[in-house]
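Asks: Next come the chains, spelled out residue by residue.
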Amino acid sequence: MSILVFIEHRDGQLRAVAREALGVASRLAASLGGPVVGVCAAASDPGLAALGDAGAERVLLATHESFKLYHPSGYAAAVVAAVKAVGPAAVLFSASAMGKDLAPRVAARLGVGLASDCTGVEVEGGKLVAVRPVYAGKAVQKVAFPGTPALIALRPKIFPAAAGAKKTAAVEPLALPEAAPESRARVTRIAAAAGGKLDLTEAEVIVSGGRGLKAPENFNVIEDLAEALSATVGASRAVVDAGWRPHSDQVGQTGKTVSPKLYVAVGISGAIQHLAGISSSRCIVAINKDPEAPIFKVADYGVVGDLFEVVPALAEEVRKLNAHV
Amino acid sequence: MLQVVCIKQVAGSETRVKVAGDGKHLDTAGVTWILNPYDEFALEEALRIREKMGEGEVVAVSIGDAGVPTTLRNALAMGADRAIHLKSDVPSPDPLAVARALAAEIGPLAPRIVWFGRQSIDDDQAQVGPMTAELLGLPGASMIATLEIDGDRAVVEREIEGGREVMEMQLPAAFSADKGLNEPRYPSLKGIMAAKKKPIEEKPAQLGEPNLEVLSLELPPTRSAGRIVGEGKQAVAELVRLLREEAKVI
Ligand SMILES: Cc1cc2nc3c(=O)[nH]c(=O)nc-3n(C[C@H](O)[C@H](O)[C@H](O)COP(=O)(O)OP(=O)(O)OC[C@H]3O[C@@H](n4cnc5c(N)ncnc54)[C@H](O)[C@@H]3O)c2cc1C
Ligand SMILES: Nc1ncnc2c1ncn2[C@@H]1O[C@H](COP(=O)(O)O)[C@@H](O)[C@H]1O
Numbered sequence: 000m001s002i003l004v005f006i007e008h009r010d011g012q013l014r015a016v017a018r019e020a021l022g023v024a025s026r027l028a029a030s031l032g033g034p035v036v037g038v039c040a041a042a043s044d045p046g047l048a049a050l051g052d053a054g055a056e057r058v059l060l061a062t063h064e065s066f067k068l069y070h071p072s073g074y075a076a077a078v079v080a081a082v083k084a085v086g087p088a089a090v091l092f093s094a095s096a097m098g099k100d101l102a103p104r105v106a107a108r109l110g111v112g113l114a115s116d117c118t119g120v121e122v123e124g125g126k127l128v129a130v131r132p133v134y135a136g137k138a139v140q141k142v143a144f145p146g147t148p149a150l151i152a153l154r155p156k157i158f159p160a161a162a163g164a165k166k167t168a169a170v171e172p173l174a175l176p177e178a179a180p181e182s183r184a185r186v187t188r189i190a191a192a193a194g195g196k197l198d199l200t201e202a203e204v205i206v207s208g209g210r211g212l213k214a215p216e217n218f219n220v221i222e223d224l225a226e227a228l229s230a231t232v233g234a235s236r237a238v239v240d241a242g243w244r245p246h247s248d249q250v251g252q253t254g255k256t257v258s259p260k261l262y263v264a265v266g267i268s269g270a271i272q273h274l275a276g277i278s279s280s281r282c283i284v285a286i287n288k289d290p291e292a293p294i295f296k297v298a299d300y301g302v303v304g305d306l307f308e309v310v311p312a313l314a315e316e317v318r319k320l321n322a323h324v
Numbered sequence: 000m001l002q003v004v005c006i007k008q009v010a011g012s013e014t015r016v017k018v019a020g021d022g023k024h025l026d027t028a029g030v031t032w033i034l035n036p037y038d039e040f041a042l043e044e045a046l047r048i049r050e051k052m053g054e055g056e057v058v059a060v061s062i063g064d065a066g067v068p069t070t071l072r073n074a075l076a077m078g079a080d081r082a083i084h085l086k087s088d089v090p091s092p093d094p095l096a097v098a099r100a101l102a103a104e105i106g107p108l109a110p111r112i113v114w115f116g117r118q119s120i121d122d123d124q125a126q127v128g129p130m131t132a133e134l135l136g137l138p139g140a141s142m143i144a145t146l147e148i149d150g151d152r153a154v155v156e157r158e159i160e161g162g163r164e165v166m167e168m169q170l171p172a173a174f175s176a177d178k179g180l181n182e183p184r185y186p187s188l189k190g191i192m193a194a195k196k197k198p199i200e201e202k203p204a205q206l207g208e209p210n211l212e213v214l215s216l217e218l219p220p221t222r223s224a225g226r227i228v229g230e231g232k233q234a235v236a237e238l239v240r241l242l243r244e245e246a247k248v249i
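Residue numbers (numbering that gives the first Met the number 0), protein chains in the order written: chain D, 0 to 324; chain E, 0 to 249.
By construction, these hints were calculated from the structure, which means they are not laboratory data. Take the hints with a grain of salt, since some may be wrong.
Unchecked claim - Derived list of chain E stretches under chain D, where covered just means 3 residues or more per stretch with a C-beta under 8 Å from a C-beta of chain D: (1) 54–61; (2) 91–99; (3) 121–129; (4) 140–148; (5) 155–163; (6) 224–231.
Every residue gets a Cβ at the ideal spot worked out from N, C-alpha and C, and that includes glycine.
Only chain D is shown next, with the shape it has when bound in the complex:
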């Protein structure tokens, strides 16, 4: 049976999460014995044929001028139409901002279960099984799907982006019912974040600051290290609640769940709610003056010391290294 993948785009470009989902789909399709099919809703083709190299055999494209930006009911109608056309065993989404809104709408329309924010998908005894963190990463749940198709949203940056198959995908038009593009809720525009910084959920390297920074203006030491490491700045809830940093910077249980290859926690104690958001980081570095701080229990590398001394020295050392390579 086939696997259907919802393909995200933005500003006319395919998003990296589409290739991550295609990679998972290819693996599932290989064990279930069927093709990988994409479905996309857009104002014009964002270069879908190129997804052949990520394993897509064909991509169904629903076009309408109002599909340039995310369109909840139109995109949901496109996925439902593709499910009807293809009859897949599973539909994969990314648990991105768009996927988190879209996938439950599709699930409600199809009347089937959805597993959100999955970090693993397997075929066990011919059945799809999804693995997902619950209790903010303090436990892991395995779920199966009584109905078909199984709807699965994948946590971004957990699965490698697929590429290199040296094929092109066939792009085929997907017809929607005439009323589908009509909507009582529409996205009017996207207000870009100041400075065009990379979102925490997409960042490869993150430098986060906590209450140890003492005052909002001291975040310049964090920003300087972040610049040296080409990192995105994050924050603990303590400093967000104090109004030092915007909500969009908060990492943790009621902030963002991040999966960078390097996470540097500076002046952050490592409360359970903060750790919840960083547990899927590949490497964690902690800088804290208190050797008993809980953050050291999860950090791969720790430096005990005054952040105002250690962080500038670290930025300088990284710059030296950058100058050499």
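Please arrange chain E with the ligands on chain D, whose structure you already have, making use of the hints.
Replies: This is chain E with the ligands only, laid out in the frame that chain D set:
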């Protein structure tokens, strides 16, 4: 104007997870139950709208077991006018089942706004809001960080990767609240006293057939503590070497 706020009772964020004997669910012994933090943002916003309009009713609805009225009382103490407890003993019913039961109850009430939290901090599904909106045929938006209402028109912003999406829609609508939408109030003493007299209606939840099957709940592999590279800025050169040569992350 009637607003419905869907709230969930969840294990507090400090909870150390222990797996129950069935190997599938949380061992609830000793757990402190709280109102899901995201639902506080939803309730707060509903209360502010009611206060601004100077009229209207805020109804809290929750699906859950016999312990749920404690949390509903918290919602009433914050300022909700009345509550509906949809009783169920199913441990962590799946989001679609919950959405169906909520939609069946909420539909006939014909509210102007239906409120949800962005996600429940136990199952972390972030599904019930948009699912219930679909089942009710309402426009709406999930994970909203701002809301402005002007007559029948609502404008919201929701955070997306690297920016915010601005959405417009007509009321009635359904919203799920993200952190940052507002600063939830603490119940006042007067509110707590008043809550004791406010009605909580009880009925069975119409959950229907399950749409997900939980196979297991396990503790994740623990992240073992690494090493303290050293103290102060003398440790920096070695840290950079380790990040480059051992961890290979810079
Ligand atoms: C429902 C709920 C949800 C929550 N969600 C989140 C969440 O999403 N994210 C989150 O982060 N928190 C969350 N919290 C809050 C969490 O419990 C902690 O309060 C918070 O993470 C503490 O932030 P912090 O580490 O910056 O501050 P603190 O705990 O005050 O730690 C400051 C650290 O800085 C160190 N320090 C001080 N001065 C220096 C110096 N000069 N040099 C080096 N180190 C120094 C100290 O040793 C200390 O370890 C939540 C709490 C609740 C109840
Ligand atoms: N059992 C429940 N009773 C009432 N509302 C719920 C229930 N479960 C979830 N919700 C609502 O749906 C939101 C999202 O939950 P979830 O999809 O489980 O992450 C919550 O923040 C609540 O507003």
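Asks: Please verify the coverage claim for the segment 224–231 of chain E: does it have three or more residues whose C-beta sits within 8 Å of some C-beta in chain D?
Replies: This one holds; 8 residues, not fewer than the three required, reach chain D with a Cβ under 8 Å.
Asks: Three residues or more, CB to CB closer than 8 Å: is that satisfied between the segment 140–148 of chain E and chain D?
Replies: Coverage by chain D holds for the segment 140–148 of chain E (4 residues, Cβ < 8 Å).
Asks: Establish whether the coverage given for the segment 155–163 of chain E by chain D is satisfied; the threshold is a Cβ-Cβ distance below 8 Å, and no fewer than three residues must meet it.
Replies: Answer holds; 8 residues pass the 8 Å Cβ test.
Asks: In terms of beta carbon proximity below 8 Å, does the segment 91–99 of chain E have 3 or more residues touching chain D?
Replies: Held - the segment 91–99 of chain E has 4 residues with a Cβ nearer than 8 Å to chain D, which meets the minimum of three.
Asks: Are there three or more residues in the segment 121–129 of chain E whose C-beta lies closer than 8 Å to some C-beta of chain D?
Replies: holds (count 9)
Asks: Are there at least three residues in the segment 54–61 of chain E whose beta carbon sits under 8 Å from a beta carbon of chain D?
Replies: violated (count 0)
Checked against the numbered hints given earlier, the structure breaks only hint 1 and satisfies all the rest.
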